[in-house]
Amino acid sequence: MLNFSRQNFYPIKKKIKSNNLKNIIKDNIIDQRVNLSFEICDISSMDTYRDNSILFLDKFIDIKQYDSKNIILITNNKKIFDNKMIKNIIFVKDLNNSYNDIINYIFSHDDSLDYLDKFDLINNSYISKDAKVHKTSKIFSNCVIGKGVEIGKNCIIKNNVVIKNALIKDNVVISDNSSIGTTGFGFDFKKRGSLYLNPQIGIVIIDQNVHIGSSCTIDRGKIDLTYIGKNSMIDNIVHIAHNVKIGKNACIAAQTGIAGSVIIGDDVTIGGQSGLAGHIKIGNNVVIAGRSGVTKNISDNSIVAGFPAIDIKEWKKRIIREKKNGHY
Amino acid sequence: MLNFSRQNFYPIKKKIKSNNLKNIIKDNIIDQRVNLSFEICDISSMDTYRDNSILFLDKFIDIKQYDSKNIILITNNKKIFDNKMIKNIIFVKDLNNSYNDIINYIFSHDDSLDYLDKFDLINNSYISKDAKVHKTSKIFSNCVIGKGVEIGKNCIIKNNVVIKNALIKDNVVISDNSSIGTTGFGFDFKKRGSLYLNPQIGIVIIDQNVHIGSSCTIDRGKIDLTYIGKNSMIDNIVHIAHNVKIGKNACIAAQTGIAGSVIIGDDVTIGGQSGLAGHIKIGNNVVIAGRSGVTKNISDNSIVAGFPAIDIKEWKKRIIREKKNGHY
Amino acid sequence: MLNFSRQNFYPIKKKIKSNNLKNIIKDNIIDQRVNLSFEICDISSMDTYRDNSILFLDKFIDIKQYDSKNIILITNNKKIFDNKMIKNIIFVKDLNNSYNDIINYIFSHDDSLDYLDKFDLINNSYISKDAKVHKTSKIFSNCVIGKGVEIGKNCIIKNNVVIKNALIKDNVVISDNSSIGTTGFGFDFKKRGSLYLNPQIGIVIIDQNVHIGSSCTIDRGKIDLTYIGKNSMIDNIVHIAHNVKIGKNACIAAQTGIAGSVIIGDDVTIGGQSGLAGHIKIGNNVVIAGRSGVTKNISDNSIVAGFPAIDIKEWKKRIIREKKNGHY
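Line by line, the protein sequences are chains A, B and C. Heads up: the first sequence begins at 293 in my numbering, then just goes up one per residue. Heads up: the second sequence begins at 293 in my numbering, then just goes up one per residue. Heads up: the third sequence begins at 293 in my numbering, then just goes up one per residue.
Chain A on its own, in the form it takes in the complex (with noise of 0.2 Å):
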């Protein structure tokens, strides 16, 4: 169900074979034993494998779990190239580049300017001719609805919005100048500005009966997705970075900002003004009092608040000692 056809978003502009993409990084790299001659349709990552498609890799991972399918690995971890159980990698100087150097020759997407969608003016709206959009979701004036975009049944787009590489299930309301599919803030630190963007090419599913607020901001995965879970309630204003995922019946006040990779349970509430640190997992039914400032893993049922936040008895106790010692 949360699998996605990445072509139907970001179409191959030019074919290359697993033994062909050293031209692409020459460069770049050290070494290589590459024996299978495959054509390169796809990406995996670290948690979705996927047949006849590059791995990028910098981390030591089990390669048992992808043996079975055509996959060529780059990394620039010479502990893994020494792994002379590994039939086809590639092993690079910078990983960061020649990830960008080969998505950019293989796959077109929207920070890209051979990116080409096109489009016809329905009801006031933009809708891609590569776009489905069900007969009884409604597309109110000035939205853009882009290619390989599915928006299911029953849904209601407001005005000005922008929805581009996702899947919006049953009965989604997302309300005007909101802006889905929007580009992550993926590149290297010591290479910065538009040029060396990382693509970002994964998409945003938003399930079943979520509602989404005004001048909200969902950044598509880089590779997967970024999910929004089934019943889950988005303000205005609220920020969603590449790759996070919320469980079901999330209730997110406005102004808060998700950053990436963040993994939220089902059940949990935020309050506004809220910020998640990137990389982070909340559980289960949490709490998070507005204006906190989460930096860590929070257990399920716990309820915190503050920055750094912390269980919200002991900032409470805080707040009261503070007074205290001020005697005011």
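This list has only true hints and no planted wrong ones.
Since copy identity is lost for identical chains, a pair holds within one copy or between any two.
Okay, derived cross-link-like pairs now, EDC-like style, lysine to aspartate or glutamate, Cα gap no bigger than 16 Å in a straight line: (1) K616 / D603; (2) K483 / D558; (3) K424 / D412; (4) K445 / D403; (5) K445 / D462; (6) K314 / D393; (7) K445 / D406; (8) K482 / D558; (9) K427 / D406; (10) K430 / D406.
Bear in mind the hints are in silico, worked out from the structure with no lab data behind them. All values reported here derive from a predicted model rather than from experimental measurement.
Following the hints, complete the assembly by docking chains B and C onto the known chain A.
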């Protein structure tokens, strides 16, 4: 002056009489006493009693206040129901569900699929056939002005602005990509998702000479108003939630968020990135420093800072104390 | 390179000579010495002196610097007026009002009703007849590109983007729903409301290879520039106020706000949801941790955190101290 005609924004899609409401919510009814039969045309709140309306009530109020009007009361509070002075009342299990079922049955609104609005493309913007824009006002490109909206004299509505469910008085400026009259974040915490959203059928009134920045979101009232007073200045990316009332001459700097039902007096200044918790009252002539998190009522002429916000002098002392503790 | 022709953006609607300015602000004048008669074409600031211009001044500066140019000075500072070396000067009661009255008399801008711009609908976006977009650049749907705007080579302007009063250099990417060149939050605190807004007649320059996320707002300079340096990366929902200058290679994460006139050096990294108070200076190679509130100048190579932001080591010590105090 702060009245509005609900049906201009939220047309009645099905007529129903007070003594037939029971049919809509029959699974929810515990008991009832309905003697009067009148056609439901409106909805009342604890602040405003309207003739031929329903009033949903969980707390006790002085019933004399609305006794002279055709109002049918729906409550989940046995004490209220047990008051035999009240002649038209339905006692329900789940007040929130009853609200949703009845309001969605009677009224059309922009979170329901039956909502209809017809537009003309005038000077690059979509203007509802049921909106009134004064001829001296200017609307830039890619705007959407929805049904019932009235825009007074000499207003400037910039590009990609969405105005729905709102009355805009004279000399108002609204800058690019802002959304006015959007849906408030109202739902039962125990039943989440777009299917359980509380219908929001109030409006926004923006009074004379208000200047609103870019990418702001101002949610409409749930039943009554969200109101911005005369001469107020609102910066970019400010979120103002449902039912907020702001006095005249407010100055609200960028990225501030004001949660639902906050009441703000006249001549209030709020620094950037501040947050005000729901249902609090801010007096006249208050200054809230930047990045404050205000959690309690603030009395007239106060200056506050910090989170939770305290008197700014105390806050400054605390900063010095913290510095001393750290010897830096 | 950072020059611009004001009249491309803000046409002169009425010509006036320096010795006739008194007619516009007569109720405001205390005294004057105007010997030179030249036509007012521009406005100067303390940073940039322009020929045939007005300079509004409340603080003393070295007048030799602009002596060679046709500049008429308007001041509310008696000391400045009493300097008899200055030959063309008007001494006024209210400098702010004089600024408003004179600038609104001479220049047209997008907060005044007389502002005119004519558009062609090109590939689903409205492009001003007086804008220049390089043929290699791509503009997606529902954008508005205003008069005077120049967009360099190989830029990508995504959907529903508004660009006014701005020069965009080569290879810039601006993502969906962002607003560039919007009105700065400038007005007299004692006289609020749209009628007293200080005309903002500067522009934004976005230099080469900058990547800007979704739903950002970048206000134009009041008189001169708001400037974003080469290779800078700006995430979603970032607010950059008027007159801000950002060096090259900045990385600014989501929901950060930078108040007016902040100067930021090169190679600066700012974590998400940070705020920078107005008129401060951030050195080169500074790192500002997420959720920081920076209230003072920060010197080169510093790493700061917290609110008010302090050295990150001190901040971490404080967190540990607080933890000990609470025994949690």
